[in-house]
Amino acid sequence: DLDVTPIDPDVNTVDKALNSPEAMAQALSKVYAGFAVTGNVGPAGSGDVAGVDEGESSYWRLWFVAQEFPTDEAVNGWGDKDLPTLSQVSWTADNSFTRAFYYRSLYQVTLANEFIRQAAAYGTEYADTDRQVGEARFLRALAYYHALDMFGNKLPNIEEDKGVGAWLPQPWGQSERGPELFDFIESELMAAIEVLPAAAEAFVGQANKDAAKMTLAKLYLNHAVYRGQEDVAYYQKGKTMVDEVIANGSFDLMDADDVAGTDAYSPYEFNFLADNHTSNEIIFAISQDGNYSRTYGGTTFIVNAATGANKDNMGGGAWYGTRTTKALVNLFEADDARALWFTDGHNLEITDQSLFTEGYAVTKFKNMKRDGSKGDNASSEFVDTDVPVYRLADAYLMAAELDIRINGSVSATSLDMVNELRTRAGVGAVTSIDLDFILDERARELYWEAHRRTDLIRFGKFTGGDYVWPLKGNSLPDGGSISAHYELMPIPPSDLNANPNLSQNAGY
Amino acid sequence: HSWAQERAVSGTVLDETGSPLPGVSVVVKGTTKGAATDFDGRFQLLLNNGEDVLTISYIGYTSKDITVGNQTSLSISLSPDADQLEEVVVIGYGSVKKDDLTGSVQSVTAADFNQGAITSPQELVNGKMPGVQIVNGGGSPGAAATIRIRGGSSLSASNDPLIIIDGVPVSNEGVAGMRNPLNTINPNDIETFTVLKDASATAIYGSRASAGVIIITTKKGSKGGLQINYAGNVSVSTPTQFVDVLDADKYREVLVAQKPAVEGLMGDASTNWQEEIYQNAISTDHNVSVAGNIADVLPVRASIGYNNSEGVLRGDNLQRTTATLNLNPKLFDDHLKVDASVKFSNIQNTFANQGAIGAAAAMDPTQPIKNENGEYFSWTNPDGSPINIAPANPVALLNQRTDVSAGNRVIANAQLDYKFHFLPELRANLNVATDRIMSEGETVTSPEAMFNVESLGKGLRTEYTSEKSNDLLDFYLQYAKEFGESRFDIMGGYSYQHFYTENTGREFLGDEAERGVYVDRYENYLVSFFGRANYSLKDRYMVTVTLRNDGSSRFAPENRWGLFPSAALAWNIKKEGFLAGSETISALKFRAGYGVTGQQDIFDNYPYFGKYTRGNEFATYTFVDPATGQIMTPMVDPNTGRNVPYLSLRPEAYNKDLKWEEATTYNVGIDYGFYDDRITGSLEAYYKQNTDLLNTVDIPVGSNFNNRVISNIGSMEARGVEFSINTKLVNNGDLFWDLGFNVAVQDNQITQLTQVESETYLGVETGDIAGGTGNRVQIHTVGHPAYSFFVYEQVYDNEGNPIENMFVDRNEDGKINDFDKYHFNQSAPQVLMGINTSVSYKNWEFSASGRANFGNAVYNNMAALNGHYNDFETSGQFLGNINANALETNFNTEILLSDYYVQDASFFRMDNIMVGYNVKSLFGDSINARVYGTVNNAFVISNYEGIDPEIFGGIDNSFYPRPRTFMLGVNVSF
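Those protein sequence lines, which keep their order, are chains Y and F. First residue of the first sequence? That's 1 in our numbering, and the numbers climb one at a time after it. First residue of the second sequence? That's 1 in our numbering, and the numbers climb one at a time after it.
Please note that a few of the clues may not be correct.
Pairs of lysine to aspartate or glutamate, EDC-like flavour, derived with a Cα cap of 16 angstroms [unchecked claim]:
{"hint": "1", "chain 1": "F", "residue 1": "Lys575", "chain 2": "F", "residue 2": "Asp99"}
{"hint": "2", "chain 1": "F", "residue 1": "Lys33", "chain 2": "F", "residue 2": "Asp734"}
{"hint": "3", "chain 1": "F", "residue 1": "Lys29", "chain 2": "F", "residue 2": "Asp52"}
{"hint": "4", "chain 1": "Y", "residue 1": "Lys374", "chain 2": "F", "residue 2": "Glu454"}
{"hint": "5", "chain 1": "F", "residue 1": "Lys538", "chain 2": "F", "residue 2": "Glu576"}
{"hint": "6", "chain 1": "F", "residue 1": "Lys259", "chain 2": "F", "residue 2": "Glu873"}
{"hint": "7", "chain 1": "F", "residue 1": "Lys98", "chain 2": "F", "residue 2": "Asp489"}
{"hint": "8", "chain 1": "F", "residue 1": "Lys33", "chain 2": "F", "residue 2": "Glu51"}
{"hint": "9", "chain 1": "F", "residue 1": "Lys419", "chain 2": "F", "residue 2": "Asp333"}
{"hint": "10", "chain 1": "F", "residue 1": "Lys656", "chain 2": "Y", "residue 2": "Asp3"}
{"hint": "11", "chain 1": "Y", "residue 1": "Lys374", "chain 2": "F", "residue 2": "Asp383"}
{"hint": "12", "chain 1": "Y", "residue 1": "Lys16", "chain 2": "F", "residue 2": "Glu652"}
Derived from the structure by calculation, the hints contain no laboratory data.
Let the hints inform the model, and build the full structure from the sequences given.
What follows is the structure, given as C-alpha cells:
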C-alpha cells in the first residue's frame, strides 16, 4: 500500500506520460510555453518559478524589464519589491527581477535538457523527433544567450546528461567575460540550423533556421562585450548571418504595399498589433494568445502596464505604470510615424518616479487588430499580440552597423535599407551614417522591443556619465553617472548559497 | 470564619467504558447530604470541613467510598465488579488513571468549557490551557482557527496539531466550501477536549505528533433511565470596530487641501461604506439529546443540533445540522464492550464577498451607493467601461456575487474491546472507522457586476466539488497485571490509515462552453506499529515507554519508515512517608519525559519521484498557420473534450531523499496541590529541537525542475515554561468563588537554514503584504525567531513624527538598501496568559474568562497601504479613501517597509462573561432548567492602532472584524 503512483488523470510518471508522438509534442510545447506563459494554469496558479510573484515570472516580462527599465526607453513607478531600483539603475545583488530572470532562463535550459534526454529515451521511433530536438536546442540556446547577455560567462553549466539530483553545476568560465558559454551557444545554434524548418515552412511562433541565424548574428555583433575582446572575424560571421536572413526572401518589410482599406494603423504598427502574426516582417515571434495563453507577462504586461486613460485605444487592461523618458522622445524628428505616444494629461518631464502621468505613455504595442477592433479575449485583459523577437528592420540596422564595424563605413546596400526604414516612418533619407546614428536609429525603430540595454552596453553608453537619461543613477530630472559594474546583473545570492561552485559578478 | 472551611467538589461519574452515568447517588458519608448525577453524569456538592468521603452508589455497580482529599474536580469510574474507583484521563490508544500519568496532558471536560455563542469546538477551551494558542480567523461564523501547541516549530510543514475524534485521527487539510472542517462537530456533543503536549505523551502518534495532539471525545450513552435535554440560545453579534478611514466631511477637507487638481472627481454623497457592509447579526442554536439505556442492555445517546449563524458582514451565513448516535452495549458477561458511533453533519454556507472589507476602507466616501439611474456607482472610463484598478463598490461586491456551498460529513466508527474469557488481564481492541466529507459550491457573479471586467454583460458561474475520505483500522492487544506492589500494563498494536481527496471545478462565462475544468485526485497511506509499556511501583514510581514505527507513502522505500521512541517517569512524592501526613501539601508529583516525534504533512502526496503534469487549456503555446491565420488545435482536451493547442506536459520537481522531520522534546513538570487541593496546578518546562526540517529551500539551479524544492534542511529549537494555578477562594454553603490562571512563556530560534553555512545569507523572506507585489515584511534567519519582522528603521523628526522615506543607514555605507533592514519584533506572542473565574451564589452563577498576549507585533498593513495622500488618486481618473493614519504621518507616498507600521500588539481580551440562573425542581423534581446570558468578545485592551491586535501571522490586512456577541440561552432537562 505504501508504494503509490499518481491517481490524478493529469499527472503521470515519465514512462506513462511520454508514450506517443502527441505526448512528445506536448512535452516540447512546454519548452515553448515557458517563454510565453508562467506555469501550468493560465493566467496563474501553478507557476514554474518559485520565490517570485507568478505574473512577474514571465520570460518576456522579465527580459523586457531588464532591457528597457534601466534605459532611456522606459520608466516604471509601481511599488513592487525591487522594481523601482531597476529604473534607477541602483539594484543590489538580491534584486527580485534579476533573480527571477536568472531562474526563468535557466529553467528553460533545464526543461530543454529534459526534453532532449527523454526524446532519446522515448522518441527514437517517431518521425519528428530530430526536428523537435533541434527546436529544443534552439530554445535552449536562446535562453542561454539572454542569460549570457545579463549575467556573463560565469553562469552555471547545466549539463544535459545530468538529470535531477543533488549535484552542483560548475560555472561555464572563471571570468565574467570569456569564450566558454559563447562558444557553446554558437555551436548549438549552428547544429540547430541543420534540422530546423525554413521560415517558409514553419508555423508562426515556431523556431526556424532564420531565428537561429539572427541569434547567431546578435551573438557575433556583441562578441566584444561577451568575450571581453574584439575580433573583426566575428563581425564578418555576423554579417554573413544577417545577409542570409535578408536574402532569404521569406521576409518583407511592412510598407504601403501591405495596407488594406480596412487598416486603421500605419504599416510600421502592424508588427505590434493583436494580429501581428500577419506581418511578414517578423522573423521569429513568441506566440501570445489572450485565450489559450493567458499570462500577466509577455505583451499583456507590455500593453497593460503602459495603458492608462487611453485604455479604449489600447485594447487591453489599464495598469498605469510604465512610461518613457524625454531622452527617447527627443531622439525623434517631428512627424516620425514611429513616435507613438499618448500625451493627454502627461508631462514629458519626470519629477517623481511614482507618478504615472510624468513621462509620455507609449502606444507602440496594442491589443488592437489592424482593422481597429480589439483582441479576442473577452475581458481584453489578456493580449493577443505576439512578441516580435526578431524583425527584418532589426536585421537591416544590424547589417549597416556591421558594415561600419568591419569597414569603417556603410555599404550602399545597407544605407538603402536604413533609408527604407526612414522612408516608411515618413522622415527624410540620410546620405551618410556613423555608429552614433545607428544607436539612435535603433532606438527610434526598435524601442520597447527589448534590445536597448544590450545596445547601450555595446556602444559603451550604458554606464558612466557620458550619456544620461532621467532616473539613471536615481537622479532626476536629467540622470547621473553609474558604476560600470551595472553592465552585468548579479548572480542571485540564493544560488551562490546553494551552489558553492559559483561566484558573484564584480561589484555586487 | 466557618465559610472558609467549606469547599466545592464537582465531578463526573463514568462507567467502565467511559460513558457518563446519570442518576448516580453521591452522598457525603455519614450525612444525608448528597446529590444525584445529571444525565451527563455530572454532580456538584459542597463539603464542610471534615466531610471528606463520598459514597457513590448505583444499581448494578459496586458502591464505593471515595476520599475527596485535595481534589475539587473528580472524574470517577464505577465498575460493575470490584475494580477501584479511578479518575481517568484519555491518552493515545486508551486511558490512564490520572495518578499514573507521566506525560504532559491537559484535559478540559464539558463542565468547564467556555460558554456563549460557540460554533466551533476549539472555542470551548480557548484560554483554558497554558501553551495552547487558539486564534480564530476573524468574525466570519465558524471561521477556521489556527491552533498552536507550544508555538509550533516547523517552517514549511504543517504546524497544526493532530486531531483525534473518538479514536479517529482526522485530516487537517481544508475542504473546499467548508470554513473549518472542525466545525462539522457540534460543540454540544463534546465531552472532553484533551491536549497532549510533550513528546512522551504524543510519541505514540509518531510521525504526526510534532505539533501536539488533541483528543476529542463525544458524549456517550448512559446506564440510567431515559433523559431528554434541550439546550438552545439566541445571540446578536455587533461589529465593534472599523478601519480608521476618513469620513465624507473630513475627506472633502483633506482632499481639497492635498490634491486640488482632482477635487472635481468628488461626488455629493456622504457614504460610510463600512457601515453599509456590516450589520448586527442574529444567530440561533438548538440542541436536543436523548440518553439512556434501552431495555437495560443498550446504552444509547442520540442528539440533533441545528445552528444558524449570521456574520456581521452582510449576507454571511452558516447553517449546520448535526445528528449523532452513540451505542455502547456490553455483551458476553461484559467481556465484549462495543462503542459504536455515527456523527453526521450538514453544513450550508453562504459566503459574503470579503473583498468588500478592503474595498470599504478604500472607497471614496463622497460617492453614492447607487447613482441616479439606480445602478451601483462605479468608477468608469470615458466610454463607460469600468476602471478595474479603482476600488470596487463594496455594496455591489456583496450584492452582485453569490457564493454558496453545501457539505456533508459522516464520521462512523465501531470500537470492539474484548476481554479474554480465559485471561481477563488480556484485552483485544479493534477500531474500524471512516470519515467522509463531500461538499460542493457555486459562485455566481451577476452580468451587471462592474467589478469583474471579464464577466460584464455575461455573468460568470464557478462550480466546484470536493470529496474526501479517511479510512482507519486500528488493532491492539493490552495486558495488565499486578504483582504485589508492582503493576504492569503492556500494549502493542497496528494501525492502517488511507486518505483520499478528489477536487473538481469548472466555470461558465455567460453562455459559453465550460472552461477551466480541473480534476485533482490524490491519496496517501500511513501504516504503523506501536507499543507502550507502563510500570508502576507502590503507586509512587511510574515509568512509561512508548515506541511507534510509522511508514508513509509520501517517502521513498529507503526513507519510508520512521521510529519514534519516548520514555517518561513520574514520582508521586505525596505518597512518600514524609509527605503523606502533610496538611499543607495535598498533592505533589514530579514528571520527566523525553521523546522523538515526526512531521510528514507537507501538502504533497508524491514528493519523492518524478512526474509529468498536464497544463490546462489557458496555459498552452499556440502555433499559427501562416496561410490561414488559424491557431493549430491538434489535440483533444481530455477534461473538456474540446480541440485545443498542445496542452503542455511539465516535468515536476521532486526530492527522492525526502524523509521525516524530527522533533526531540524534553519535558519536566510538577503537579501540586495545597490545603486539601484548594490550590492546585502544575509547572512545566520544555525544550524542543527540530532537525531535518521539511523546508522549501533554494537549490542549485539546473539540478531540478524548480529553483525551490522541499528538502530536509534546517533546524530550530523552542523552549518554554508553563504554569497554571486553580484556586477555590471562597467556598461556603451558598457562595463559591473559583479563580484560575495560567501563563506560558515561549520562545523559538532558527539554528540552521542552509546546507552550506553562509554569513552573507540573510534568510528566507516571508510575510507577504498588500502593496505592490512581492513585498514581504518577515524573515526566517538563523539566530532569530521564525517570522521575525524584517524592515527599515524609521527616522523621526524633533516632534517625533516619522520622516517620509527616511531610514537609518544601519550598515553606514551611505546608501539605503536591503542591507539596512533589521530584525524587529516577531508575530508570535512570547507570553500567553489565560484567566478565568466563576462565582456561584445559591442558584445564581457568574463566570468570566479572558486572555492576554505579550511580546507580539502586528504589521498594520491597512495604514501602510492607504495611509498616504497619493492614495487619493492614482491616475487622475478615480479617487480612493485614505487611512486616517496619513493625518499623523503626513506621508505623500506609500512607505511599505518601515518599522513604523510594525506595532506592538500585546493585548488583553475578555472572551466570555456569563450570568446564569438555575431553576431547580421545576414541576416537581422531574425538570431542571438553567437560564443564562453571555457576552463573548466583551472588550479588548491594546495599544495596537489597527482593527484587532490578535491576527495570526501578524499581518493586518482587510481583517474580518471579530464581533461582540450577546447571547441568551436556556438548558432544560427532564
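To see whether the hints hold, each was checked on the structure:
no.	hint	verdict
1	F:Lys575 with F:Asp99	11 angstroms, holds
2	F:Lys33 with F:Asp734	14 angstroms, holds
3	F:Lys29 with F:Asp52	8 angstroms, holds
4	Y:Lys374 with F:Glu454	14 angstroms, holds
5	F:Lys538 with F:Glu576	10 angstroms, holds
6	F:Lys259 with F:Glu873	8 angstroms, holds
7	F:Lys98 with F:Asp489	15 angstroms, holds
8	F:Lys33 with F:Glu51	10 angstroms, holds
9	F:Lys419 with F:Asp333	10 angstroms, holds
10	F:Lys656 with Y:Asp3	13 angstroms, holds
11	Y:Lys374 with F:Asp383	14 angstroms, holds
12	Y:Lys16 with F:Glu652	14 angstroms, holds
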